[in-house]
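S.K.: Taking the hints into account, I'd like the entire structure generated from these sequences.
Each chain, written out:
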Amino acid sequence: MLKQTALNAVHRAAGAKMVDFGGWEMPLAYGSQMEEHHAVRRDAGMFDVSHMLPVDLSGAGSRDFLRYALANNVDKLKLSGKALYSCLLRPDGGVLDDLIVYFLAEDSFRIVVNAATADKDLAWFRKLIGERSPNLRLAPRRDLAMIAVQGPHARERVWVALPESRAATEALRPFVAASFADCFIARTGYTGEDGFEVLLPASRAAELWAALAASGVKPCGLGARDTLRLEAGMNLYGQDMDETTTPLESGLAWTVDLVTERDFVGKGALLAQHASRQLDGLLLLDKGGVLRSHQRVHSELGEGEITSGTFSPTLGASIALARLPAGVPLGATVRVAVRDKQLAARVVKPPFVRNGKALIS
Amino acid sequence: MNIPADLKYTASHEWIRSEADGTLAVGITDHAQESLGDLVFIELPEKGRRVAANEACAVVESVKAASDIYAPVAGEILAVNSALVDAPEKVNADAYASWLFKLKPANAADVAKLLDAAAYTAVVGKG
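Chains as they are written, first to last, in my numbering: chain Z, 1 to 361; chain H, 1 to 127.
The hints are simulated quantities; they were obtained by calculation from the structure and are not laboratory data.
Quick caveat, the model's predicted, so the values are computed rather than measured.
Yeah, the Cβ is synthetic: ideal placement off N, Cα and C, and Gly gets one too.
Don't take every hint at face value.
Stated by the list, open to error - One side of the interface only, derived from the structure: several residues of chain H facing chain Z at Cβ under 10 Å:
1. S35
2. G37
3. E43
4. E61
5. S62
6. Y70
7. E89
M.R.: Put into C-alpha cells, the structure is as follows:
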C-alpha cells in the first residue's frame with residue numbers, strides 16, 4: 001500500500017500520472033513534463049514534496065550533537081533560519097542520506113530528509129542520540145505538508161497566494177528560512193531556480209495549492225523535478241550516491257568539513273580514503289540517443305558508469321552525471337554505450353543550468 | 001482513448017495504415033506516446049532494409065525512457081519519415097499523423113492477422 005500525501009486527491013483530480021516513488025504515490029507529470037520544466041525555468045512551478053520528512057531536533061546540546069552526526073559543519077549556521085546541506089554518513093564513510101538542516105535556535109534545529117530513507121535516518125539518529133545525548137528530543141513531523149514553489153517568479157506568486165507571508169519572507173536571503181504563524185518558509189529548492197519551500201499544516205495544503213494555481217503557478221511532477229535537478233547539477237540520493245559511495249566519490253567534497261578539528265561520524269574513513277572514483281557531468285556530443293543511468297562509460301583511464309542521465313529541455317541535449325575513474329580531466333571526451341552504439345560525450349563540471357541560463361554549451 | 005477504427009494495431013502499440021499503393025504506414029499509438037511522455041529522439045531504419053515480423057527496427061526515446069518499435073509484419077522498408085528526427089514532438093502532438101516508416105509487406109495477407117481497433121482497445125484496457 002503506497003503512502004499518500006495530503007495533496008493526493010488534488011493530483012488525481014488534476015489528471016496527474018501517479019507513480020511509486022520511495023513507497024509514496026506521487027505525481028510524475030500532469031501533462032507535458034517538458035512544459036512543466038520550462039515553466040519552472042521561465043516563470044513558476046510547484047511541486048508537492050510532502051513525502052520528504054521534516055524532523056525537529058530540540059534540547060540542550062542540539063548543536064553539539066549535529067556537529068558530530070553530520071559531515072558538514074553546523075558551526076557554519078550562525079543566523080537563525082540559516083540552512084545547510086549535509087550528508088549523513090556511516091562510520092565507513094558511506095552516505096546514509098543527504099539532508100538540509102535549518103538552525104532555529106541553539107537548542108532547536110529542523111532537519112528535512114528524503115522520503116525513502118526517512119525511517120532509516122530516524123533509527124540512526126535515535127541510536128546516536130541514545131549513545132551521546134539522551135536528553136535530546138527528535139520529533140518527526142508527518143503533520144506538515146511541503147510545497148516547493150520554484151522559478152524566477154515563484155516568490156511573488158507565493159506572496160499573492162499567501163499574502164500574510166510577505167512581511168516575514170520578503171527580506172529572506174537564499175538558503176535562509178523564516179517562521180510565521182504555523183508556516184515555515186525557506187528560500188531553498190532543488191531546481192537551480194529561485195523560490196520557496198513552504199512547510200505548513202497538512203490540513204491546509206490543498207488550500208495553498210489551489211491559491212498558488214490561481215496565482216499562475218504550474219503544478220509540476222517528479223519528471224520535471226528530475227530534469228531540473230540534473231540540469232542544476234544536484235545529486236539524487238540512491239542514484240548518484242548511496243551507502244556504498246562516499247561524498248568524496250560523489251562530487252560532494254565541498255559539503256564535508258575535513259579542515260577543522262571537529263570529529264564526526266565517517267571522518268576517519270574519509271581521511272583514510274584515497275578516492276579512486278569521481279562524479280562528473282557529461283554532455284552528449286553525438287546524436288543517437290539519450291544518456292541514462294547504468295550506461296557504461298569508457299575513458300582513457302578506465303571504465304565508469306552513468307548514475308543519472310536525461311534529456312535536458314533547457315540545453316536541448318542529453319546530459320548526465322557519471323562516476324568515472326579519478327583523474328579524468330574536465331574537457332575529456334569519453335564514449336558511452338547507448339544501446340548498440342558508442343557515443344561521444346564531453347566531461348564537464350556541473351551545474352549545466354542555473355537561474356534560467358545555460359552554463360554548458 | 002483515441003484509437004481510430006480504420007487502422008490496424010499491434011499489442012506492442014504500433015498502428016498500421018494500409019496505403020493505396022499497397023504499402024503499410026507504421027507509427028506508435030496515442031496510448032504509446034502518452035505513456036512515454038515527451039519524445040526527444042527517434043531513430044529510423046535504413047531504407048531498403050528487410051525486416052522480419054516483430055523485429056525491432058526503430059527506437060523512440062522520451063525524457064523518461066527508450067522504447068523499441070517493431071515491424072508489424074515481415075517486409076521491406078520503403079520509406080522513412082525523416083522530418084520526425086528533428087521534430088520528435090510531432091509524434092506527441094498527433095501520433096496518427098506521424099508515421100515512422102512505410103513497409104512493403106512480404107505477404108499482403110499478413111495484415112489481416114493484426115489487431116483491429118476493438119482488439120487493441122482491449123489490450124490497452126488490460127494495461
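S.K.: Return the numbers of the hints above that this structure violates; sort them in rising order.
M.R.: 6
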